[in-house]
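S.K.: Each chain, letter by letter, is given below.
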Amino acid sequence: DGGITQSPKYLFRKEGQNVTLSCEQNLNHDAMYWYRQDPGQGLRLIYYSQIVNDFQKGDIAEGYSVSREKKESFPLTVTSAQKNPTAFYLCASSIGSGDQFFGPGTRLTVL
Amino acid sequence: SQQGEEDPQALSIQEGENATMNCSYKTSINNLQWYRQNSGRGLVHLILIRSNEREKHSGRLRVTLDTSKKSSSLLITASRAADTASYFCATATFFTPSSSARQLTFGSGTQLTVLP
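Residue numbers (this note's numbering), protein chains in the order written: chain A, 1 to 111; chain B, 1 to 116.
For the record, the hints were derived by calculation from the structure and aren't laboratory data.
Since the model is a prediction, treat every value here as computed from it, not as a measurement.
Positions of the beta carbon are idealized from the N, C-alpha and C atoms, including for glycine.
A couple of the hints might just be wrong.
Calculated pairs, EDC-like style, for lysine to aspartate or glutamate (alpha carbon to alpha carbon, straight line, at most 20 angstroms) [stated by the list, open to error]:
(1) A:70 x A:59
(2) B:26 x B:53
(3) A:70 x A:30
(4) A:83 x A:62
(5) B:26 x A:59
(6) B:56 x A:99
Quick list of simulated restraints, FRET-style, between CB atoms [as the list claims (entries may be wrong)]:
(7) B:26 x A:5: 18 to 26 angstroms
(8) B:100 x A:18: 40 to 48 angstroms
(9) A:95 x B:59: 22 to 30 angstroms
(10) B:75 x A:99: 35 to 43 angstroms
(11) B:66 x A:12: 39 to 47 angstroms
(12) A:52 x B:115: 24 to 32 angstroms
Examples of chain A residues lying across from chain B (beta carbon under 7 angstroms, computed) [stated by the list, open to error]:
(13) 42
(14) 43
(15) 50
(16) 81
(17) 90
(18) 97
(19) 99
(20) 102
(21) 104
(22) 105
Same shape as in the complex, but just chain B:
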């Protein structure tokens, strides 16, 4: 089942502007991760925020997490044409209490287009 749902589904901005994408989820999580996917390619991990964190930065990326609202946002500042891609949030939970691996449940993504 799809747990994370991104909003908006598509976003088009001019180079230099900021892009904000939102993600909502339904159940308790261990952490939430954001991934990027260029068309027809694999996923690239961008940033992870743990359930006890509220904000995290990495370069031009800023992620927030509000566990009371079960939502997260990804902000890309000073966007570039090369940022054009699909962005996915994924919530991570352990498969079982004794499992060593986490299950990632992905949303349907936001397609970001940055116009030069």
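Just chain A, same shape as in the assembly:
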């Protein structure tokens, strides 16, 4: 099956811990994106990557970090510096400027 996957589906974090959300795609897409969604709100861009080994900050990058060592993978780390990390996190990918395809999301809850 071709597609974009995210894991885990649900994640619980204690305050002060770093956690890493996985995003993998086998669509051979060059560009990948991470968004955050809060209840009743639209998506906000955290980080994006247009090619391997390159990534740029989005609108709300503070407290997050990413890496893009492989074309297929774009993991997001939510660090302890992110003061309000409880949210729904969505990963997406695209061929250049084409349509973005979204993964199923990871719901992160801070205990």
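With chain A's structure known, arrange chain B on it following the hints.
M.R.: Relative to chain A, chain B alone:
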């Protein structure tokens, strides 16, 4: 920053009726896209309309774009209970003049409930 703003925030209709959602935005765009999201799930791309297009159809969906008013509308005809979801508009612009990818800026969505 949120560029697109949907109106209404919530809409409840009977099955078979038409549903109209509106979206306004602030800056110039390359295109505008509409997405659907079922509760707790990822987004599904519905339809894209380019900045030089005024109307586009796809099945029961009709999208209009008025760049002079910086607004778009999504019409779902003959709605079904399965259409119940949140609908988002997203404006697309290039990150930089030389970038190959586009930034999507989402509105806060319209929650559509179709009653059987």
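S.K.: Decide, hint by hint, whether the structure agrees.
M.R.: Checked hints:
For the hint pairing residue 70 of chain A with residue 59 of chain A, the CA-to-CA distance comes to about 24 angstroms; that exceeds 20 angstroms, so the pair is violated. Straight-line distance between C-alpha atoms of residue 26 of chain B and residue 53 of chain B comes to about 18 angstroms, which keeps the hinted pair within the 20 angstroms bound. With a C-alpha separation of about 10 angstroms, the suggested pairing of residue 70 of chain A with residue 30 of chain A holds against the 20 angstroms cut-off. Between the alpha carbons of residue 83 of chain A and residue 62 of chain A the distance comes to roughly 9 angstroms, so the proposed pair stays at or under 20 angstroms and holds.
For the proposed pair residue 26 of chain B and residue 59 of chain A, the alpha carbon gap of about 16 angstroms is at most 20 angstroms, so the pair holds. Restraint check for residue 56 of chain B and residue 99 of chain A: the C-alpha separation of about 16 angstroms stays at or below 20 angstroms, so the hint holds. A beta carbon spacing of about 34 angstroms between residue 26 of chain B and residue 5 of chain A contradicts the range 18 to 26 angstroms that was offered as a hint. As the Cβ distance of residue 100 of chain B to residue 18 of chain A is approximately 31 angstroms, the hint placing it in 40 to 48 angstroms is violated.
Remark: the range hint 22 to 30 angstroms for residue 95 of chain A to residue 59 of chain B is upheld by a beta-carbon distance near 24 angstroms. Checked against the hint of 35 to 43 angstroms, the pair residue 75 of chain B and residue 99 of chain A fails, with Cβ atoms roughly 21 angstroms apart. The hinted window of 39 to 47 angstroms between residue 66 of chain B and residue 12 of chain A holds, with their beta carbons roughly 45 angstroms apart. Range check, residue 52 of chain A to residue 115 of chain B: Cβ separation about 48 angstroms, and the 24 to 32 angstroms hint is violated.
The criterion of a C-beta within 7 angstroms of any C-beta in chain B is met by residue 42 of chain A, whose closest approach is roughly 3 angstroms, and the hint holds. Because the closest C-beta pair between residue 43 of chain A and chain B is about 4 angstroms apart, less than 7 angstroms, the hint holds. At its closest, the beta carbon of residue 50 of chain A sits 5 angstroms from a beta carbon of chain B; the interface hint therefore holds under the 7 angstroms criterion. Hint status for residue 81 of chain A: violated, given a least beta-carbon distance of 22 angstroms to chain B, over 7 angstroms.
Among the interface hints, the one on residue 90 of chain A holds; its C-beta lies about 6 angstroms from the nearest C-beta in chain B, closer than the 7 angstroms criterion. Restraint check, residue 97 of chain A versus chain B: the minimum CB separation of about 5 angstroms is within 7 angstroms; hint holds. At its closest, the beta carbon of residue 99 of chain A sits 5 angstroms from a beta carbon of chain B; the interface hint therefore holds under the 7 angstroms criterion. Taken as an interface hint, residue 102 of chain A checks out: its beta carbon lies about 4 angstroms from the nearest beta carbon of chain B, inside 7 angstroms.
Below 7 angstroms, beta-carbon pairs count as interface contacts, and residue 104 of chain A has one with chain B at about 5 angstroms; its hint therefore holds. With a least beta-carbon distance of about 5 angstroms to chain B, the hint placing residue 105 of chain A at the interface is held under the 7 angstroms criterion.
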